[in-house]
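The lines below spell out each chain.
There are 2 protein chains.
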Amino acid sequence: MAELVKVVVDAMGGDNAPVEPVKAAVEAVKERKDILVFLTGQRPVIEKELARYEGYSKKRIQIVEASEVIETAEPPVNAIRKKKDSSIVVGLNLVKKQEADAFVSSGSTGAVLVGGQVLVGRSKGVERPPLAPLIPTLKGVSLLVDCGANVDARPSHLVQFAKMGSIYMENVLGVKNPKVAIVNNGAEEEKGNALVKATFPLLKECKGINFIGSIEARDIPEGLADVIVCEAFVGNVILKLYEGVGGALVRKIKAGMMTSLRSKIGALLVKPALKATLKDFDASEYGGAPLLGLKGLVVKTHGSAKAVEIKHAIFQCVQFKHQRINEKIAEHILEQEKQE
Amino acid sequence: MAELVKVVVDAMGGDNAPVEPVKAAVEAVKERKDILVFLTGQRPVIEKELARYEGYSKKRIQIVEASEVIETAEPPVNAIRKKKDSSIVVGLNLVKKQEADAFVSSGSTGAVLVGGQVLVGRSKGVERPPLAPLIPTLKGVSLLVDCGANVDARPSHLVQFAKMGSIYMENVLGVKNPKVAIVNNGAEEEKGNALVKATFPLLKECKGINFIGSIEARDIPEGLADVIVCEAFVGNVILKLYEGVGGALVRKIKAGMMTSLRSKIGALLVKPALKATLKDFDASEYGGAPLLGLKGLVVKTHGSAKAVEIKHAIFQCVQFKHQRINEKIAEHILEQEKQE
Chain A
161 MAELVKVVVD AMGGDNAPVE PVKAAVEAVK ERKDILVFLT GQRPVIEKEL ARYEGYSKKR
221 IQIVEASEVI ETAEPPVNAI RKKKDSSIVV GLNLVKKQEA DAFVSSGSTG AVLVGGQVLV
281 GRSKGVERPP LAPLIPTLKG VSLLVDCGAN VDARPSHLVQ FAKMGSIYME NVLGVKNPKV
341 AIVNNGAEEE KGNALVKATF PLLKECKGIN FIGSIEARDI PEGLADVIVC EAFVGNVILK
401 LYEGVGGALV RKIKAGMMTS LRSKIGALLV KPALKATLKD FDASEYGGAP LLGLKGLVVK
461 THGSAKAVEI KHAIFQCVQF KHQRINEKIA EHILEQEKQE
Chain B
161 MAELVKVVVD AMGGDNAPVE PVKAAVEAVK ERKDILVFLT GQRPVIEKEL ARYEGYSKKR
221 IQIVEASEVI ETAEPPVNAI RKKKDSSIVV GLNLVKKQEA DAFVSSGSTG AVLVGGQVLV
281 GRSKGVERPP LAPLIPTLKG VSLLVDCGAN VDARPSHLVQ FAKMGSIYME NVLGVKNPKV
341 AIVNNGAEEE KGNALVKATF PLLKECKGIN FIGSIEARDI PEGLADVIVC EAFVGNVILK
401 LYEGVGGALV RKIKAGMMTS LRSKIGALLV KPALKATLKD FDASEYGGAP LLGLKGLVVK
461 THGSAKAVEI KHAIFQCVQF KHQRINEKIA EHILEQEKQE
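Protein chains in written order, with our numbering: chain A, 161 to 500; chain B, 161 to 500.
Any given hint might turn out to be false.
Chain copies aren't distinguished; within one or between two, either way the pair holds.
To be verified - Simulated pairs of lysine-lysine, DSS-like, Cα-Cα distance not exceeding 30 Å:
no. : residue 1 : residue 2
1   : K336      : K488
2   : K466      : K351
3   : K242      : K351
4   : K414      : K339
5   : K166      : K183
6   : K242      : K357
Hint data in this document are derived by calculation from the structure and do not stem from the laboratory.
Isolated chain A (complex conformation):
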């Protein structure tokens, strides 16, 4: 039997905790035999949730007590420093001590990002670990790096994002020679703000990535690039607007279909097909966003994540571990440093 991949799941994080994270853990160990889940959080709460399920391997779900909970609104740096017995800090420490391979949380993005960097730590040479969610496109998915909390990036950060993103897409998603593009306000090389203008020539020269130039926001949903590089403020706008425009349009369409008897009948007939289509294009469907370039794996799932999404994030951790992504990133960054 293959070695167990050990994934910590934050049982107290997110809008649907503890119900959905606990359900995700149960489903994950039921579906795959090579996973062990640590649930961090308040033991009585978790035990009560677990009692609702049966037929799963009790050996492969273990509770690790953490009495405190970090709330979404808390200033992250403070929260990580003060709440040493929170589900996030306890979980990240398991990864730090190499007792677990990965940590998955739907809790405070800021706390997960800060905690990941401070507790698990950056790989040697990595300047800034980016948060890299997958976003749906007409061709499949693209990786958007960075959507993290550290804004005002430098050009060298963006070059590392391009490298780490390429390794991820090639090894986890199986995209051969992934196309890398930088978000810009025009397709021409002379376009851009100061950061993009300074980064563009560095990406052009950068070995080991397949840089295709600028991408305008309009073309992101077309899937013209596999790795979309931008600084975190812009990445945040892209990720959230994807969600916002998609959600608003779907509501608008649903309301539009209720305007006449004719369209109401039509709506009944198209409903199943429409539902499947929209699910395909829902950014929150694509599991979690990894924090790349750390010594262990940290994955942030959406605050409103359901069990199915958290389960996918757990499976993603297995792939990540088997493909040795962190090792590959570390090797790549070190190699680059030697060349310079």
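With the hints as your guide, set chain B onto chain A.
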């Protein structure tokens, strides 16, 4: 009879020139008696197009010869400087000389922005004239300032954007006490990049605007604010992603409806309702984007604009003129300067 509002339409600008701009001019003067249109461009080309129409007032459409055409790919500063006899330069000069009230073009955004600033000129006190398109929301429309070509803005620019945007929404769209928000990567006051952090307190203190704080990109389509303030790089991403996600989703939905016989029949029934709904949520449907804070009115319509959109932009110019927007902006900015 009310005084004629004189609008220059660039007959050579955009993907659909000269067909759509000329058609727009004809329809505009047919529908309203208070408009005179100057068409700038190559006389034979325009005359040939005009020959296709009848029943319009030939007095209220006048051709102003301009032999050159500025292409979209040309570097804007160069184009404006060198092509003195282009439809854009000739048109903007009519506004400069106060022979016309407004200029509407679907041509090169860069050239229109540069030309507007250089030829028509900024109102006294305006630091940077922003391009401010209307974007559709679930509640109606919001004004997105700035989507122009001048990136890397300063906090004082953003404060002026907020003021000018408020005046526009109040007077042109009739929104009482318009809500102003700044695009941010979180709802909390401590969030933001360096620019947003520096701008936030200035907006809070700013008199005469109804500042409601940060807006996350997710909430823009909800219509939570009437005036959305951001620097141009971010504005460009928002505007183009709106278009991109909307377009991709619609194509995906149409394809999804063709997957089974059941859904195909349903699609036929919902088609009319769906079409009306999607039109409502199409960013390119909302006429043109004014360049605010100039001594005359300059409106940029979408490169792929059809006659109906250009016609709306012409009507928008009439409203803009009647409401004395430029005068109000100039007064407001000067008043503010006196207070400081």
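Hint check:
| no. | hint | in the structure |
| --- | --- | --- |
| 1 | K336 - K488 | within (16 Å within a copy, 57 Å between copies) |
| 2 | K466 - K351 | between (41 Å within a copy, 27 Å between copies) |
| 3 | K242 - K351 | between (45 Å within a copy, 21 Å between copies) |
| 4 | K414 - K339 | between (36 Å within a copy, 28 Å between copies) |
| 5 | K166 - K183 | within (17 Å within a copy, 67 Å between copies) |
| 6 | K242 - K357 | between (41 Å within a copy, 26 Å between copies) |
Going through the hint list in order, the structure satisfies each hint without exception.
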